[in-house]
Structure formats: C-alpha cells, structure tokens
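Could you slot chain B onto chain A? The hints should help.
What follows is each chain in one-letter form.
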Amino acid sequence: MRDVVITGIGLVSSAGEGLEAHLTALAEDGAPKTDAASFEPFPVHPVGALEWDRQIPKKADQRQMEAWQKLGCYAAGLALDAAAAKEDAALKSRMQLIVAAGGGERDYAVDGQILTGLAKADNPGVFLNEHLMGDLRPTLFLAQLSNLLAGNISIVHGVTGASRTFMGEESSGVDAIRIARERIASGQDDIFLVGGAYNAERPDVLLIYEMGGFLWKKPFASVWERPADGGGMILGSGACFLVLESREHAASRGVKPLASIAGIASDRSRRRAGSVEAALHSLSKQLNARPDVVLSGATGIRGITEEERAALKDIAPNAAVHATADLVGHTVEAQAPTGVALAAGLIAGGQAGEALVTSIGHWRGEGAIRLTKA
Amino acid sequence: MALRDKQGRPLVAVTGMGVVTSLGQGKDDTWAALTAGRSGIHRINRFPTEGLRTTIAGTIDSVDVEPFCAPMLSERLAMLAAEEAIGQSGLKQEDFPGALFMAVPPVEMEWPQREALAEASGQTGDITYKDLLKAAATGRFKAWHDLFIFGTVADRVADRFGTRGSPISLSTACSSGATAIQLGVEAIRRGEAQAALCIGTDGSVNPESLIRFSLLSALSTQNDNPEGASKPFSKNRDGFVMGEGGAALVLENADSAKARGATILGYVLGCGEKGDGFHRTRSSPDGMPAITAIRQALEDAGVAPEDIDYINAHGTSTPENDKMEAMSCTAVFGERMANLPISSNKSMIGHTLTAAGAVEAVMSLLTLATGRIPPTINYQVPDPAIPLDVVPNVARDAKVNYVLSNSFGFGGQNTCLVFGAEPK
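Going down the list, the sequences are from chains A and B.
One point on numbering: in this note's numbering, the residue at position 40 of the first sequence is 153, and numbering is uninterrupted.
One point on numbering: in this note's numbering, the residue at position 228 of the second sequence is 232, and numbering is uninterrupted.
Simulated from the structure, these hints should not be mistaken for laboratory data.
Predicted, not measured: the structure shown is a model, and the values here were computed from it.
Honestly, I wouldn't trust all of these hints.
[Said to hold, decoys possible] Listed below are the simulated DSBU-like cross-link pairs for lysine-lysine, each with C-alpha atoms no more than 30 Å apart in a straight line:
#: 1; chain 1: A; residue 1: 398; chain 2: B; residue 2: 96
#: 2; chain 1: A; residue 1: 331; chain 2: B; residue 2: 146
#: 3; chain 1: B; residue 1: 138; chain 2: A; residue 2: 330
#: 4; chain 1: A; residue 1: 233; chain 2: B; residue 2: 96
#: 5; chain 1: B; residue 1: 327; chain 2: A; residue 2: 331
#: 6; chain 1: B; residue 1: 134; chain 2: A; residue 2: 146
#: 7; chain 1: A; residue 1: 233; chain 2: B; residue 2: 134
#: 8; chain 1: B; residue 1: 134; chain 2: B; residue 2: 146
#: 9; chain 1: A; residue 1: 331; chain 2: A; residue 2: 426
#: 10; chain 1: B; residue 1: 134; chain 2: A; residue 2: 330
Next up, chain B with everything else stripped away, as it sits in the complex:
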C-alpha cells in the first residue's frame, strides 16, 4: 500500500543524515557532545582579532582547505556531511537518484585575494579597482572566477555525488537550511523525484563577515568566557555567536525507501513559511509571520499543537529573536508552552547561519530516534519575561514523537519544519 499523508501526497522519509560542527565531525560526535552539554565556542585563532568587539566563534578548525576562504570551507563541510548522509542511506556515492537543494552562504572575493591582485598590479601608489582589473587581465587568477561565483559550491557537490538536474543554490538568510529541506520535500511530493539531497553549509567566519554582523550589533561581546557567551532565552543574553557547520539529509519517497529496504530514520511531515514586510532585520511586533509559519507547518504535517512534544528552537541568543520566538510559540501552543520543552542547539554550536536549519533538522531527528532532548546550556539567569522550559543545562530523556524546528532570518524569512518518528 502506498505511503501517503492525509492530503494524499507521498510521505517523505529521511534515510541518511550527516553533520559537521565545531563539536565534531560526524553526527555521532556532535550528538554526544551536544547531549553532554558541551560548547564548541572558542577564541578565534584563524585571523587576528585585535580591534574587534567580538573575538569568539564556533569555527571548524579541523578541516583544511586551500586556498582558505568561505566557499572552499563551505564546500568541504558540505562534502563531508553529504558523504556521511549518503553512506548511511545506502545509496550510491556517485549516482544520487534525485536533485540537489543546497543552502550556501552568499560568497564574494575575500581580502587575501584582493591583496594578491593589488600586489600583482604593481601599483605602488593609491590602489583602486582599476589596478585590480589590470591584474585580473593577466589571466593568472582565472581559477578565482570559478571560486567566487555563486553557483560553484553546489555545482561541485552535484558533480561529486551525481545528483540529477540543475542543482539549486539558495539563500533565505538564517532559515536557508530549512528552505533546502522544504524544496526537497516539495519535489518528492510533486513526484518529480524519488529522492532529494538537501544540504546547508556555512564556513564563513572571516574578518569581514564577523565585522558586518558586529556593526549591526548582532553578536555577543562576552568574549571572556567563550563557552558561556551563547545564552539563548537567558535574561543576560546579548547577541549570537557565529558558528560554522554543514549538514546533509537524504530525503526519499517513503514507498521507494521501503521498497529498497532502507532504514527510515524519521519523516519530514510538514513545512511552513511566511514572509514579513515589517523591517529588514526586525520581525513584526505582533509576531504574526512567525506564528503563521508555525501554524502552517503543523497544518501541513496534519498534526495539532498538542501533538508536538519538543521544539528545536531557532534560539539565537539575541534579545529580539528569543523574545519574539517565545511570544510566537506561546501564541500557537498557549498555556502548554510553560511545560513544552524548547531548547537551542545554538547555545553550544553557535549560530551556523546558512547551515543552521539543516544542522538543527539532524539534531531534531536524532531527538526522535534516541528520545533524548539536548539542553540549552548557559541558562543561569532566567528571563522572567519569557518563562519557558528551555531544558536548562542538562539533557533530558523524554518520549518524543513529533518535533517542531524553527528557523527565522533577516529579510522577513520564517521557515518551520515538523518531523515525526512515524507518520501521524
């Protein structure tokens, strides 16, 4: 009998997952650290931090790439995560039977490359873009065209794993990883593909990226104790901590997954999204867009608010996000919100930005599989304005059948996903 949801659409199963974070390579390492309440945040060693307001991040320093730059590191993290995910799914590593949907950080040339061009120009006086263009004309920098255009990371991943069709590189800011999964779910439901490879990756902790967020006052400046800086839902939270990460999920039509004897790790039951035209970086004061995204995700999944056992929060540790997220969840879940566990992985791995929605999807599915809820660490000073059960500081065992994962981003992006151990 065909596996369909209540709306008659093919059920979407997860058959493979892979992840890399500052806590470890592979989902086993990351999960062990995450459920032990360990932080991956540390002082930045990658570049000098003198003169910066924020000097900490959840960088991934165990992965070498050459030349070192955001697209190369993002590509490598994506490859590692996808190898693990496809390996677990039992599908072939070089002939993936579906499309690639990939959340990638917007890339651009970085300072070491600009400096190399400036030097190659021979200009010893004031340097302008005219000089850089003169150096570019030598043809010596041809490889950097490919390196710094937007489609390259996904194209290389598509080439490596033999995914079908035109790969989609996407950005919905800090909800990008969730959008990649949503696009995969939609493709399978439409019957275009039996499988989709959905990836979120971000290896963009470099001076300019960090400074851009710093200039918007978005980052925590509590540098003295790096492991304690990310404090989602705490009263003394003061901004997010940048993190790096990569996560990949193999989604499959549940019928074809079962037919080939694959192990089903869980289901993506529902997706919801809603735009917000209030402000470029702030959400509507009434919370309606986030509330609508959550309700749509529940409705799409065919579950009621009372079915949700755990919320994997967006929980960035910024004053604004955590307040709005608490308000939006309370609007949907009502009085139950005081006792409904909601925790933030970002308390330990930081905000992995483009990758966050995908990384947190993997953690949500591991919660379903293991019955263990990772904590929100650094929760020492509760915020009385947002009384939540944040699973403070220590992981908890619980029977979890359905998880809601929230992702919100600059530019009015709100994307929510519902995962289930079994279809409802």
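Only chain A is shown next, with the shape it has when bound in the complex:
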C-alpha cells in the first residue's frame, strides 16, 4: 500500500481565506465571526467577501453558479495553487475529483410569491405549473444540482480526470476523503482533489434543520457549552478542498507534503444513548490513534456532543481539542475536510505530531481520520 499525503489546501470560511488565516484564528482562540441579524433568531457564521475573479476569472462562470458552488470552486482553486498544480494542464487532466455536496439553493422570492398565490388559487396545481414555468430561471437548475460543483470545477479549473459527487451530509465529507485515499493507496490513481462546500446563509437549509430542532438560537457559545443549555448547531458558510497524492507522486513533482493521512474509518449505527461514545472508541482503535491534537467536528447538539467529549477524554487524555465549529461554524459536508486541513496545518507547522479529526454527524454517521507527520 502506498502512503497518501496532503500537498495542497484551499480553505475559505468566516475565519477568512487560506490555511494561514485559519491557523492564526485557531491560535488566537477568540470568538468567531457570527451574523445574528440576517436570519434572526438563527445566528450563522457568514463567509467574508471574496474577490471571485481571482479563482473564477470568467464572469459568465460566476453567473452560472450559486453561492455554494462559487465557494467550492474558489477553494478548489486555492488548493490547486497551494499544490503547485494550477498551471499543469496535463496533471489536472488526469487528476480525479471527489466532491462532498448537498445541493439546492432556491429562488426565495419566487418560492414566496408562489406560496402566497397557491393559498388563493382556484386551481393550485395549474397555478403551480404556470408559475414554475414562467418564473424559474432556466439555469437555476444547474446551480442546484449536486454534481454541478464538480462540473464547475472541471470547467473553471480544468480538473478532468473524472468526478464523483458524494451526498449524505457530514458522512459524505469523511467518505470522500476515505475513497480517495483508498484509490491512491491501492495504486489505482495518483492524485485527487477532494473537498466540499456549504452555504449556510440560506433560509431553505435553516428550514430543514429547524424542522428537526437542531439549530442554536442564542448568541454564540462554544459547542461544548451548548448541550447544558439545550444544545444546537450554528451553520457556517465555507469550503475546503485538499490535494491528495501518493508520496512518490508528490516527490516526483517536487512538492512538499504537509502531512500524511494515516487512516480513515467511518461507520453508521442506529443512534441510541452511548452509541456515539462507543463508535468513537471503535474508530480510534481501528486507526490505532495516539493523537496529540484533536480537530473535532462536534456540532453542539445535546447528547452526542457530551458523548464525544467523554470519548475523547479516554482516547486522547492529553491532547489539545479544538472544535472546528467554534472556528468556522458547522459546514456539514465541508466539516471533515476542514478539520483535516487544520490538522495538516498544525502538523506541517510542527505544533503536532499526530492528529485525529472526528466527524459525528448531527443526525447520523460517525467518522475519524488520523493524520501523521509527512
């Protein structure tokens, strides 16, 4: 089996742009940026203003994408730059792509107008047809389709080995990295671009999680403090992409790895009291994890957050534990890639020798990723 290393990171969030900005924010340990007003009573972690032109040069491309796709496309470009791959067309044409994605984004004004009209319409079915036909922007569909973030990365950045899009909330982020790593380790492929993107500044995603009762509706508090007060998550806008390749492949390109991905484990369980704690013990055992730093994907949701805390005390009693959500918010599909990026940054900077990234999905799915020195 071949070693798999990280050679490029592209990261954007409410904490800023680029790995350095995020590592600085992590070290400062201050309160993260939140926007409590736009979607009151739900705070969100808003992404800062980005100069889209720097990574998505054509305005026509920018217009074809909604925010989650633009964020992903932008972060993918940063990762390619960081891995010294951006200008190598031949390399990008054989680079494989796995994207962890949700989808959607709606025309909120149109939805509101249709709902208002439907309540009064004589024939609601016909009214719906006429207004969807007349009021939906034809290209909005392409900005909603899950696999079109990958499609846009192929178009904008020329990454055209082949793309696969994984869905399924937090788990999809872990499994995207897992499958990429396995394909490199087994020798099937040499180099991957892997990651995810999330736009939290959307009423339709807030709606899904509010229906389930998962959102925190008070001023920011650390994920570890929220369970005592009912628990809940604060969604964050952001994106993270990683360039993964075999150690030999990185060496042949003369690119210095940041860290090695030593192992990834993921599973599902029927959630019940104690199942998350048991899952984390099992995953860390499979990985033979001995971390001196943990990048936790904890959500702040009651029950599972305390269970993760308890498990981490056993697994890594002396490790520093950082919650990724306390830095950038909960970015769902992008959460595990973001944790991996931060862990790799800490290892590359000599602040840690081995890291464990955890991903306990807000509703299902448990995963862990072990990183070591490159």
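Below, chain B without anything else, positioned relative to chain A:
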C-alpha cells in the same frame, strides 16, 4: 485456483439482480416487456399537467408511499430492487456481507410540504421563508428533516439489509447508476469486501423536476403519442422522456461467490470514466471524454473493441446525446460500428436518470444470459447522419459474450461499463 483478471485483481461476479421500471416490477416482467418492444411511457396522472410543455413520463404508479414524494418513492423502488437482487443471490436479506453504494436523486423539500408549512404558519398575507421557519419551530414537522436530507434513503436501505460500514450516497447525474457499480467493483478489487450492494434509484417525476428539465429544453414535447415520444437515434428525436426506476446488483468476489455455491449471472469486467470541462450540459465537440471513457472501460476489462458484441446505449433521444454517442462509438469501433448492434432501453422506459446506469446494467446482463438484444423502438425515421444498427423496433437473438454499457451526464460525467458472460 483464485479467479483473477489479467491485472491480477479479483474478478467481480454478479450474483443477484433486481429491477423496477414503468414496464413492471421485477426483472422478469421488465425483461419480457422490453424484449417485446413495449413502451412504459404514458400520460402523467400524478399531478395536473395543464400549462406544461411535456405531459408524459414513464412514472411508476403501482407503488404507494406516504407521504408521496421523491425520497419516499426512490427509497421504495430501491428496497424492491434490492429485495429481489439479494433474494436471487441467496445471501441473507438482513445481514449483507459488504458495503452499500447507492445512486440517489438529489432530494429537497417539495411543494406539498412547503404549502403545509405555509398554512401552519397562520400567515394570511405575503408568505416568506420567515413564515415557514416559524412553522418549523413548532416541532410538528420533525420527521421532514430526516425525509429531506441527502443521506436518508441510503441509510434506510443500509439499515434494512444490514450492509457494512458507512453507506455511500452518490450522484454523477445521469451516469450515477453506473458509478454506483464502479464503486462496488473497486471495493471488491481492493479486497475491502467480498460483496457490494450497488443500487440506482429515481422516483422524482414531480412538477418542479419535470419543469426544470423542460426549461432546459431537454424533454420531448411530442405528447400526443406518449409511447412513441422516446425515439433514440431517430432523425425526428426531440428530447428525452423522464422515467422512474430502481435497480440493484449484488456484486461478489468471484472466488467467494463460487465457494458458497452461488450462481454467477455474469461479470463486471471493466469500468471507465472521464471528466469533461467543456460545458455544463454539452459535451466536448471532439467527443474525446466519451471516447476516453469507452476506451478505458475496454482496457480495464482487458478486451479489444472487436470483442464487444453489443452496446447498451445511453441513447437518451436528445439531438445532442445521440449524435455525440454515435460519434464516440464510431471513433472507438471504427467501420464495425455500422454493423455492431447498439440499442437504447430508454426508447421504452424513458430516461430513469439517477437509476439509468443500474437499470441498463441489469438489462445488459440479461442480454448476456439470454442471447436476446432488446430493440430501440420508435425507429421509423433513421437519421442519415448517424447510420447505426440500432436493432430497430424488434428484439434480436444473437450470441453475445461482451456488452458495453454507456452512461453520460450533465456536468461532464462519462462512465462506461463492460460486462461479460465469462471472464476473457
């Protein structure tokens, strides 16, 4: 002796198949109708169609789910297909010895749910998302969170059949079903699992899904004769017809399948894929990505172009796809393409979108097993620009050892699979 391919990898056998389409429940019904040249396309009764440019589809109306919505129907179709496939394989229905790879349509909340939230909000003036959020806060709609997140369909299927590990929900648009199979093949070849359950499912014919494709001018508008609307490779083709379907394949390491005495239905010998960065909905004019995907699939299978006896086409019936597919196949198979049978199941079941690659894989394997090639129906006006042997209108018997199945999708997705009755 271990069963390995030319590259020394474990051979991947198919030991179970299940399918549901608008032509019938179960592969026997679907296959009988498909080889009889029957169409499953009909007028849509599920919702009012006044004001729509397209009013026909290959919906599956025989399956009831509550509440009726795309994730519930997609889940049910997947369950039916998987029960049939696992049943045929002889493996246990509740303790599947491998991972789940599942192509699912991207889901989101639908209009009946939005309307229910709007009503529950009590708002009588202009409705906005603020009102929907207020209704959501009541806690009365908790179940809809689970229903409309992306991982739920696969999680329920994983729970039902006891598959191992984290189930993978995936989308590569209209090649999703083929990608699910490819992921299963790779897992078995890597030795991670002795078996994989690979599913493609799509039950998403609802007003907004249909209108989205309609607004991109992708759908046939020849509503007068629903059964005649899907006309792959014909000169008068004018778009695809949406269809619903579910298909499941049990893949196994051929060694372990033989060791437990399973009947091997065929082999997945090769997979190829290639991205395309040309355009969001159109393929590169030179066809190179599709050509590369086909060549990779053949190479991965260790077969030469002349070994392929039949192509199960992507064949959507859109002007663009069928032209590009013909061009790409001709580039790979050369002059032989004039006589190499290529037919499109979509002429009868419509385009089952996320499920298509998996549905058509089952049909490809049934062709291998029975020596019968299903036709391309509605082929009345040949397109002189793409002279192909589309097995016009009537099924044909032939000796078929190796089949190529093509899947192409929006977003530069090109995935091709090679199936064989026996390993080469």
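List in ascending order the numbers of the hints, as given earlier, that are violated by the structure. Violated hints: 4, 5; rest satisfied.
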